[in-house]
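This is what each chain is made of:
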Amino acid sequence: MGEMIVVNDLVKNYGEFCAVNHVSFSVPEGVIFGFLGPNGAGKTTTIKMLTTVLDPTSGSIRVNGHDPTREQKKVRQSFGIVFQDPSLDDELTAYENMDLHGVLYGVPRGERHKRIDLLIDLVGLGERKKDFVKTFSGGMKRRLEVARALLHKPRILFLDEPTIGLDPQTRNHIWGYIQQLSKTEGVTVFFTTHYMDEADRVANDVAVIDHGKIVAQGSPAALKEQAQCANLEDAFIALTGHAIREEEANAVDRMRQFGRAWRGGGRR
Amino acid sequence: MRAIYILCVRQLKRYVRSPSRIIGSLGQPVLFLVALGFGMKAMFARAGGGNYINFLSPGIVSMAILFNAVFSGIEILWDRQFGFLKETLVAPVSRFEIVLGRMLGGAIVAFAQGLVVFVICLIAGFRVVRSPYVPLAIFFMFMIALLFAGLGTVFGSVLQDMQGFPLIMNFLIMPLFFFSGAIFTAAGLPHVLTLLLRLNPLSYGVDGLRGALINQFAFGLTTDLAVVTILTAVLLGIGSYFFSKIQL
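Protein chains in written order, with the working numbering: chain A, 1 to 268; chain B, 269 to 516.
Hints were generated in silico from the structure; no laboratory data involved. This one's a predicted model, so the numbers in the text were calculated from it and none came from an experiment. Don't be surprised by glycine CBs; every beta carbon is placed ideally from N, CA and C. Please note that a few of the clues may not be correct.
To be verified - Stretch-level coverage of chain B by chain A, calculated; a stretch enters the list once three of its residues show a Cβ under 8 Å from a Cβ in chain A: (1) 273 to 287; (2) 357 to 369.
Stated by the list, open to error - Using 30 Å as the maximum straight-line C-alpha spacing, the simulated BS3-like pairs for lysine-lysine come out as follows: (3) Lys-153/A x Lys-281/B; (4) Lys-130/A x Lys-114/A; (5) Lys-281/B x Lys-130/A; (6) Lys-513/B x Lys-74/A; (7) Lys-513/B x Lys-73/A; (8) Lys-513/B x Lys-213/A; (9) Lys-281/B x Lys-513/B; (10) Lys-281/B x Lys-134/A; (11) Lys-73/A x Lys-281/B; (12) Lys-281/B x Lys-114/A.
Could you put together the complete structure from these sequences and hints?
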């Protein structure tokens with residue numbers, strides 16, 4: 001099987017600060033790939049570059065054989081993404097959110113309706129498809145986002161901390177759906193997470209990034225072997241150290257804070 | 269094309285489903301219509317200006333369109349906060365289509381609010397003097413909506429959070445309304461006000477709308493048409509440009 005993602009000598013500088021520092025890795029087709037690292041290690045920056053929303057300073061990327069900086073549309077058509085924060089329209093129904101996505105991605109009407117019904121049932125939201133998303137719990141929203149990301153039959157599914165803030169039951173459910181869908185849809189999965197037990201359980205391959213550099217790469221078993229640790233969490237800490245990383249709040253975080261104060265009640 | 273269409277549909281659905289927003293944004297125009305319209309009516313007539321409700325109504329309709337159109341652009345900020353913006357920005361469609369869909373959807377919503385206010389004005393006693401020109405009035409209403417949806421898009425794209433919103437409301441949108449000739453005639457003003465009126469894009473929209481409805485022009489139909497059409501094109505362009513610069 002071929003390589004679905006190939007990253008070669010990737011660099012991203014923000015002024016003096018180097019967020020991603022000469023990173024190289026590849027993800028074979030069909031695997032579930034965990035991209036791990038402490039806060040501010042460069043995970044989200046890397047995902048942004050892979051998904052065409054940020055241009056690298058230097059280095060090369062191939063996603064499904066295409067260059068995200070030059071063949072934006074082809075790359076965008078190749079992947080589905082579940083962002084770290086929700087990205088649904090609360091004032092539309094579950095079905096309408098799916099339908100809007102299908103239209104944006106040019107899925108023909110007949111096929112679109114069939115696939116929406118299929119996927120929405122698969123993530124267990126068949127009964128609620130006509131309900132407004134604002135009535136959904138955090139876990140339901142996540143499931144809907146996973147279903148939506150797969151609607152246009154992408155070859156790769158990006159998941160940026162897909163289970164953050166969810167209870168263990170919901171987390172298990174979501175990973176169940178993702179594993180099942182990756183099999184039935186034959187889709188390559190690229191995910192980030194802070195839950196090392198999850199990565200250990202579901203990932204075929206992982207890479208650990210810290211301070212913008214890949215510090216370890218291989219199967220979870222190989223990583224534990226390399227760090228001489230019994231579980232992946234200990235191996236992760238052995239590889240990345242104990243220091244706590246601080247991240248500055250960006251504009252969206254500030255906005256969210258303001259919105260919470262203004263509208264009353266947060267999300268999730 | 270499909271992106272433009274579906275994003276318009278989305279905005280219309282959100283509009284129709286939110287009666288509180290529809291009624292809420294009627295508050296200010298109706299307040300102005302009642303307080304100014306009936307309050308100044310006698311004085312305006314005594315000064316030889318004629319029927320003030322007839323003079324004021326096109327201005328109040330423009331006001332409703334202005335506020336709603338600018339707000340539709342500012343909604344980009346909410347979509348950013350609630351994450352929906354990302355969903356559209358990674359889709360395999362150009363940003364130009366996305367922003368065009370947003371501006372068009374916002375303009376249609378603002379136009380619809382303008383129609384509602386127009387009906388309220390009719391109830392308050394407004395009478396169309398030149399009924400064959402109603403299509404021209406509708407054209408002006410829609411152009412005002414598009415123009416200020418473009419302006420709102422600039423703010424929605426440039427602002428990082430809602431902190432700047434009151435600033436824009438108080439120092440730009442309210443002055444745009446007050447110095448547009450919506451509530452007073454352009455004749456006999458101090459020089460500074462005449463200048464402000466001339467520089468204000470809304471003046472030409474209000475004048476065109478008023479001219480079409482009650483045949484009272486300050487600048488003339490040709491000037492109004494030319495200025496409004498050109499400025500709309502320019503602002504749609506500027507709005508698209510700033511939207512294309514949004515970083516996720």
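Straight-line Cα separation of Lys-281/B and Lys-513/B no greater than 30 Å? Between Lys-281/B and Lys-513/B the Cα gap is close to 27 Å, so the pair holds against 30 Å.
Pairwise hint evaluation, Lys-281/B against Lys-73/A, where the allowed Cα distance is 30 Å at most: holds, 28 Å
Restraint status (C-alpha distance of Lys-513/B to Lys-73/A at most 30 Å): It holds: about 18 Å lies between the C-alpha atoms, which stays within 30 Å.
Under the criterion that the straight-line Cα-Cα distance not exceed 30 Å, is the pair Lys-281/B, Lys-134/A satisfied? holds, 15 Å
So is the stretch 273 to 287 of chain B in contact with chain A by the C-beta rule, three or more residues under 8 Å, or is the coverage claim wrong? That given contact holds, which follows from 7 residues of the stretch 273 to 287 of chain B lying within Cβ reach (below 8 Å) of chain A.
Below or equal to 30 Å on CA atoms is what counts here, so check Lys-153/A against Lys-281/B. holds, 27 Å
Take a quick look at whether Lys-513/B and Lys-213/A sit within 30 Å of each other, Cα to Cα. holds, 29 Å
CA of Lys-281/B to CA of Lys-130/A, is that 30 Å or under? Given that 30 Å is the threshold and the Cα spacing comes to 14 Å, the pair holds.
For the stretch 357 to 369 of chain B, does the count of residues with a C-beta closer than 8 Å to a C-beta of chain A reach 3? holds (count 5)
Is the straight-line distance between the alpha-carbon of Lys-281/B and that of Lys-114/A 30 Å or less? Given that 30 Å is the threshold and the Cα spacing comes to 23 Å, the pair holds.
Can you confirm whether the C-alpha distance between Lys-513/B and Lys-74/A stays at or below 30 Å? Roughly 21 Å separates the two Cα atoms, so the pair holds.
Would the hint linking Lys-130/A and Lys-114/A be met if the CA-CA limit is 30 Å? holds, 15 Å
The structure is consistent with each of the numbered hints, conforming to all of them.
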